[in-house]
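Chemist: Given only the sequences and the hints, what does the whole structure look like? Please build it.
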Amino acid sequence: MAIERVAVIGAGTMGAGIAQVCAQAGWDTRLYDAFPEGLTAGMERIEAFWEKGIARGKTTAEQRDAWRGLLRAEKDMKAALEDVDLVIEAVPEIPDLKQSIFSQLGQWAPEHAVLGTNTSSLSIADIAAATSCPDRVIGMHFFNPVPIMNLLELVQHDTTSESTVTIAQQAGEAMNKTTILVKDVPGFATSRLGVVLGNEAIRMLADGVASAKDIDTAMVLGYKHPMGPLALTDLVGLDVRRDILLNLQRSFNDDAYAPHPLLERLVAEGRLGKKSGKGIYDWSTGQAEETSLE
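For the sequence shown, this note's numbering begins at 1 and goes up steadily by one.
Note that these hints are calculated values from the structure, not bench results.
Backbone N, C-alpha and C define an ideal beta-carbon position, used for all residues, glycine too.
Wrong hints could be hidden among the right ones.
Said to hold, decoys possible - What follows is a list of derived Cβ distance ranges for each label pair:
(1) Leu97 x Glu264: 20 to 28 Å
(2) Glu47 x Thr285: 35 to 43 Å
(3) Ala66 x Gln104: 50 to 58 Å
(4) Glu264 x Thr217: 39 to 47 Å
(5) Ala268 x Ile94: 40 to 48 Å
(6) Ala189 x Thr159: 14 to 22 Å
(7) Arg56 x Ala206: 32 to 40 Å
(8) Glu294 x Ser132: 48 to 56 Å
(9) Glu264 x Gly208: 12 to 20 Å
(10) Gln99 x Ser292: 18 to 26 Å
(11) Gln63 x Ile180: 26 to 34 Å
(12) Thr159 x Asp76: 25 to 33 Å
Unchecked claim - DSBU-like cross-link-like pairs, simulated, lysine-lysine; straight-line CA separation at most 35 Å:
(13) Lys275 x Lys224
(14) Lys213 x Lys52
(15) Lys52 x Lys275
(16) Lys58 x Lys224
(17) Lys278 x Lys52
(18) Lys275 x Lys183
(19) Lys75 x Lys275
(20) Lys58 x Lys75
(21) Lys224 x Lys78
Modeler: Below, the structure is given as structure tokens:
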């Protein structure tokens, strides 16, 4: 099946980025959000990214205009789903919220449409169970910032059909992503490894092993990670990482996944990372600056 029309549900950082790459893939793209201010902010974020690309000489005004013509903000979810071939949900990691949305998708999306969820750790089977068409549901885990990160983790639950997997893989290729296919287990592949590394880095920081900058530099230069685990935790969001760890702890009944107390404290203080201006680092200047954790 050729993809021509796509709906993205949720216009936050991830949803806006997904809608952007969908438009850049040449698809008629509808971006929906339940909150008008969130929808406006998402569209503005996309426009700012395109303008920055033009300023840096990476894209042209002609490309921006073509992509802009393929993207529209949609205030009504049912209207956004009309005649789409692919739906990608990108709302917060709240199981009840995702299941509620997928219940609606099962009723309103066309019968042939693939239904993707951009969850980083929640059970795809549980989300799919909210629909009458679980065979068309697949995890499509993108990475932040979506227009730059090349990986798309596809997560197949027990009743995901082979045709759904194939279409999702083709969609990833059209968005210039490299896809991997993993089973529907807690944390999948990427989140499970990523949060464990980040949690251990926070433990080292709390124990005074080294500064945040030096721990991150060790992984960037010693292991060729593009970003250190502490800066990455700030970028993803400390609350998001904490929630993934809690989900793993419950799912595996293993306290080895318990969030470190320092992570819990920073979340409780509202230090959620780059999105709040301060986390492990201070991001007020736009760069990761050392900050006190006292």
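Chemist: Each hint should be assessed against the structure and marked as holding or not.
Modeler: Okay, the hints, checked on the actual structure:
1. Look at Leu97 against Glu264: about 23 Å separates their beta carbons, and that is inside 20 to 28 Å.
2. Between Glu47 and Thr285 the C-beta distance comes to about 24 Å, which lies outside the given range of 35 to 43 Å.
3. The hinted range of 50 to 58 Å is not satisfied by Ala66 and Gln104, whose Cβ atoms lie roughly 31 Å apart.
4. A beta carbon spacing of about 26 Å between Glu264 and Thr217 contradicts the range 39 to 47 Å that was offered as a hint.
5. Range check, Ala268 to Ile94: about 19 Å between beta-carbon atoms, so the 40 to 48 Å window is missed.
6. Under the hint 14 to 22 Å, the C-beta atoms of Ala189 and Thr159, about 20 Å apart, fit the expected range.
7. Separation of Arg56 from Ala206 is about 38 Å and conforms to the stated range, judged on CB atoms against 32 to 40 Å.
8. In this structure the hint that Glu294 and Ser132 lie 48 to 56 Å apart at CB holds, the actual value being about 53 Å.
9. Between Glu264 and Gly208 the CB atoms are about 18 Å apart, so this pair conforms to the stated range of 12 to 20 Å.
10. Separation of Gln99 from Ser292 is about 41 Å and departs from the stated range, judged on CB atoms against 18 to 26 Å.
11. In this structure, Gln63 and Ile180 meet the distance hint of 26 to 34 Å, their C-beta atoms being roughly 28 Å apart.
12. Hint check: Thr159 to Asp76, Cβ distance near 30 Å, so the stated range 25 to 33 Å holds.
13. For the hint linking Lys275 to Lys224, the alpha-carbon distance of about 25 Å falls within 35 Å, and the restraint holds.
14. Distance hint between Lys213 and Lys52 is fulfilled; the C-alpha atoms sit about 28 Å from each other, no more than 35 Å.
15. Taken as a hint, the Lys52 and Lys275 pair is honoured in the structure, with Cα atoms around 20 Å apart against an allowance of 35 Å.
16. For the hint pairing Lys58 with Lys224, the CA-to-CA distance comes to about 25 Å; that is within 35 Å, so the pair holds.
17. A hinted pair counts as satisfied when its Cα atoms are at most 35 Å apart, and Lys278 with Lys52 qualifies at roughly 24 Å.
18. Between Lys275 and Lys183 the alpha-carbon distance is near 30 Å, which keeps this suggested pair within the 35 Å criterion.
19. Between Lys75 and Lys275 the CA atoms are separated by roughly 25 Å; this keeps the pair inside 35 Å, and the hint holds.
20. The suggested pairing of Lys58 with Lys75 holds, with an alpha-carbon distance near 31 Å, which does not exceed 35 Å.
21. For a cut-off of 35 Å, the pair hint linking Lys224 to Lys78 is broken: about 45 Å separates their Cα positions.
Of the numbered hints listed earlier, those contradicted by the structure are 2, 3, 4, 5, 10 and 21.
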